[in-house]
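Engineer: Place chain B on chain A using the hints.
Residue numbers (numbering that gives the first Met the number 0), protein chains in the order written: chain A, 0 to 197; chain B, 0 to 197.
A hint or two may mislead.
Facing chain A, according to a computed beta carbon distance under 8 Å, are these residues of chain B, among others [what the hints assert, rightly or not]:
hint: 1; residue: 120
hint: 2; residue: 147
hint: 3; residue: 151
hint: 4; residue: 167
hint: 5; residue: 169
hint: 6; residue: 182
hint: 7; residue: 187
Calculated Cβ distances over 10 Å to all of chain B for the following chain A residues [unchecked claim]:
hint: 8; residue: 12
hint: 9; residue: 13
hint: 10; residue: 28
hint: 11; residue: 65
hint: 12; residue: 68
Label-pair restraints from in silico Cβ distances [unchecked claim]:
hint: 13; chain 1: A; residue 1: 141; chain 2: B; residue 2: 29; range: 47 to 55 Å
hint: 14; chain 1: B; residue 1: 144; chain 2: A; residue 2: 55; range: 44 to 52 Å
hint: 15; chain 1: A; residue 1: 143; chain 2: B; residue 2: 30; range: 44 to 52 Å
hint: 16; chain 1: A; residue 1: 174; chain 2: B; residue 2: 171; range: 28 to 36 Å
Hints listed in this document are in silico derivations from the structure and should not be mistaken for laboratory results.
In this text the structure is predicted, and so the values were computed from the model without any measurement.
Just so you know, even glycine gets a beta-carbon here, dropped at the ideal spot from N, CA and C.
2 protein chains.
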Amino acid sequence: MTPRRTGRRPGNPDTREAILAAARTAFAERGFDATSIRVIATAAGVDPALVHHYFGSKDQLFRATVDIPVDPAALLPAVLAGTPDEVGERLVRLFLGVWDSPTGAAAVALLRSATNNEWTARLMREFLVTQVLRRVLDHLDVAPDELPLRGSLVASQMIGLAMMRYVIRLEPVASADPETLVAALGPTVQRYLTGDLG
Amino acid sequence: MTPRRTGRRPGNPDTREAILAAARTAFAERGFDATSIRVIATAAGVDPALVHHYFGSKDQLFRATVDIPVDPAALLPAVLAGTPDEVGERLVRLFLGVWDSPTGAAAVALLRSATNNEWTARLMREFLVTQVLRRVLDHLDVAPDELPLRGSLVASQMIGLAMMRYVIRLEPVASADPETLVAALGPTVQRYLTGDLG
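With the rest of the complex left out, here is chain A (with noise of 0.2 Å):
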């Protein structure tokens, strides 16, 4: 039986699932970076033009790896500009924005398979590295040799933020107002990137 289609998106839904499994397989193994969209064609076995049609650039293959509707690209300019003493609140203040509101299902349950599945825990590692921190970190003035420190001490944070929040449910982070742990985490968040780590 040929499922009847329908929405936006042409083409052979096979096909689509044949890239998307081999560019889970490739973005774990090989890591976002040195993965390309021609490598990810031949695992496939289908034309690299297929690959752009049907999922447009490498960054976002990679979002649709991970089932996040969430582009960090266009978020986090938002983040990023204005004074720079107050971005480690803004960055606490857009997280909880995307994680409190729909979209965040799909961030929760990415959470919940990277605990236990090792390929998953690979694909957040490259995600949290290569789409947010990154780019973080690109616009801050911070040593190049600090950026790993600095943006993995961020991501324990605000994993540890989202475990307590929406996994673990621990009270009163749980339902606290989103303004309430802003300040509370944002000083933290500020000094992880851009203050003395001792």
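Structural biologist: Chain B alone, transformed into the frame defined by chain A:
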């Protein structure tokens, strides 16, 4: 076939398992505080004295249900003693000492399970609040109405550290020297415990 039993703990393994199952259900459904040894014994169909005989105190039984071989009551005094403005650093150092040790595997397993199972999440929440945070905060000069927020903020940073170091394994946090993390995270935990939260 009756399995051959070894080791030092006497008694019927079925009875032990029945008590543990009843305890897990009661702790998850009612919470730690509202659960008594008597309630658990009734649910398991045994005498309360047998529960004490097998597991000792309610604290010890609770730790057995979450399968954590660490007793916060035994470890925390060393953290809480000494200069109050370095309690954050000492707490991070203790946390890393436990999770970096062979014992940490049980904690990582609990963390994985809690992200995918609502009941384990409830048990983890109860463990954090009643076994860890309440003990820390009892010894610090903090307004009682601020305790829950401060405690859950500390938990957010600690669980986030565990996620990044042991589960997602984001570098350099995953393999950083413990003292690097103590220096980086200690001031965060200190501020959450005793500082200005905005």
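Engineer: For each hint, tell me whether it holds in the structure or not.
Structural biologist: Against the structure, the hints come out as follows:
{"no.": "1", "hint": "120", "verdict": "holds, 5 Å"}
{"no.": "2", "hint": "147", "verdict": "holds, 5 Å"}
{"no.": "3", "hint": "151", "verdict": "holds, 4 Å"}
{"no.": "4", "hint": "167", "verdict": "holds, 5 Å"}
{"no.": "5", "hint": "169", "verdict": "holds, 5 Å"}
{"no.": "6", "hint": "182", "verdict": "holds, 3 Å"}
{"no.": "7", "hint": "187", "verdict": "holds, 5 Å"}
{"no.": "8", "hint": "12", "verdict": "holds, 28 Å"}
{"no.": "9", "hint": "13", "verdict": "holds, 30 Å"}
{"no.": "10", "hint": "28", "verdict": "holds, 15 Å"}
{"no.": "11", "hint": "65", "verdict": "holds, 13 Å"}
{"no.": "12", "hint": "68", "verdict": "holds, 21 Å"}
{"no.": "13", "hint": "141(A) with 29(B): 47 to 55 Å", "verdict": "holds, 48 Å"}
{"no.": "14", "hint": "144(B) with 55(A): 44 to 52 Å", "verdict": "holds, 51 Å"}
{"no.": "15", "hint": "143(A) with 30(B): 44 to 52 Å", "verdict": "holds, 48 Å"}
{"no.": "16", "hint": "174(A) with 171(B): 28 to 36 Å", "verdict": "holds, 34 Å"}
The structure fails none of the hints (numbered hints given earlier).
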